[in-house]
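Student: Taken in sequence, the protein lines are chains W and P.
At position 60 of the first sequence the residue is numbered 60 (the numbering used here), and the sequence of numbers has no breaks.
At position 21 of the second sequence the residue is numbered 21 (the numbering used here), and the sequence of numbers has no breaks.
Worth flagging that the hints you see were computed from the coordinates, not collected in a lab.
Treat the hints with caution; some may be incorrect.
One copy or any two copies: either way a pair holds, since identical chains are not told apart in the list.
Straight-line C-alpha distance at most 30 Å; calculated DSSO-like pairs for lysine-lysine [to be verified]:
1. Lys-110 <-> Lys-12
2. Lys-149 <-> Lys-110
3. Lys-149 <-> Lys-12
4. Lys-110 <-> Lys-144
5. Lys-144 <-> Lys-12
Protein chains: 2
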Amino acid sequence: MDPMNVHPVADKLLPRTEKERLLRQRGRVFWLYGLSGSGKSTLAAGLERRLLEAGVASVVLDGDNLRSGLNEDLGFENEDRRENLRRVAEVAKLFARSGLVTMVSFITPKEEFREAVLAIVGDDDFRDVYVKASYAACEERDVKGLYAKAQAGEIPDFTGKGSAFEEPAEPWLTIDTERATPEESLEQLFAAVLPLTELPG
Amino acid sequence: MDPMNVHPVADKLLPRTEKERLLRQRGRVFWLYGLSGSGKSTLAAGLERRLLEAGVASVVLDGDNLRSGLNEDLGFENEDRRENLRRVAEVAKLFARSGLVTMVSFITPKEEFREAVLAIVGDDDFRDVYVKASYAACEERDVKGLYAKAQAGEIPDFTGKGSAFEEPAEPWLTIDTERATPEESLEQLFAAVLPLTELPG
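All chains should be built: construct the whole structure from the sequences, respecting the hints.
Tutor: Encoded structure:
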C-alpha cells in the first residue's frame, strides 16, 4: 500500500442491510463490563450459546483472549490499555457491520473508556451491559486467584483495589450477579438482548 | 484488565463447528494480493455479492478501508506496514473462526509477508489468490491516478516501481486480470471459492 493509496472502497461493498437480510438478524454490539470475577466472560459465553439455540449468529470478543492475538503487542501501561480497548471496539464494529451479534467482555473500568468505545461503535449498535458485583463478592469468588494476589500486593493496579472502577451512571442494562443466580442472570441478559437482534418488519 | 488476568476462556466458548452449522457454511480466508490497480478490491467486492446471491455470508477486509479504523494509528514505514498486515490477518482469523467467508484485499508485495499472514490464519483456512496484472497494464488503467504520481517521482516507494513486488511461486489461484475480462475474472474466482465455503457432508 502506498501513502496516497487510501481510497475507501466502501461504496462498492454490499450495504449492511443486505448482509443482515441474508442472516435474518441485525448486527449489534453488547459491551459487558465490570470487575474481574463479576461474571462477564461466563455471561458472554452463555449468551453465545442461547443465541445459537435461537438461530442467531454471534461472536464473543474477550479482552483476555485478544491478548494472545490481535493485541499481543500491547502491555498493561495506560496507553497500551487504551489502545487495546480502541482495537477491540474497532473489531466489534466490523463484526456488527457484517451482521453478527457481537459480545465484548472487558473490564472497561472508567466512564471515559465506555464513552470512547461507544463513540467508535456508534449509538445505533452499541448497548452497554454493566455486570455488577461488589469487590467483596468478587474477592470471595476469586475464580482466577487474582484477588488473593492483589491482597498480597502482587498486582499494584488491580481494578477495584489500587485502581478505581467507576460505576456507570445509566447503563442500558445492569446484571447484578451478586443477587441473581448465574442462570437467572443469563436469562435476564438473553431476554433483553434477543429482541434487539431481530430485523424490523 | 490486569497483568495476571490473561486466562483464555476459549474452552467456554462455542466450538467453531457449531457456528458453521448454524450458518451452513465453512469459514475461510481468501487473501487477494497484487499490484495497485490489478483489480483486487473490485474482485473482492464482486465476490461478496456473488456469495450473497449464493446464500453465503462473507466480509471484505480492505487494506485501504482499515486504514480509517483499526489501523488509523499506523503510518507507511516498514514496521507500520508489517503491523498493519499482522492486524488484518488476526482480524481475518477471528472472522473465519466465526464462520464467515473472509476476503482480504491487500497488495502484500513480498513472499515473506504472505508467509507471515498464512502463519497467523493457519493452513486450513488460508487460500492465497494472486491477482495478476503487469505494471504496464496497471499503469495504463491507473484508476486512482497513482501511477502518474509515481512516474512523476511523487511516491518514492510505490510498489512495482521503487519497491519490488515479488511474484508468488505457487499461489493457490491466479486471476490474470490482464488477459480476462472483469466478468470472467470474477466468475473464475467465484467458481474456485464457492466449493470451499461448503460444509463437508
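Student: Next step is simple, just say for each hint if it's right about the structure.
Tutor: Here is what the structure says about each hint:
no.	hint	in the structure
1	Lys-110 <-> Lys-12	between (38 Å within a copy, 27 Å between copies)
2	Lys-149 <-> Lys-110	within (22 Å within a copy, 46 Å between copies)
3	Lys-149 <-> Lys-12	between (52 Å within a copy, 24 Å between copies)
4	Lys-110 <-> Lys-144	within (22 Å within a copy, 43 Å between copies)
5	Lys-144 <-> Lys-12	between (47 Å within a copy, 15 Å between copies)
Of the numbered hints stated above, none is contradicted by the structure.
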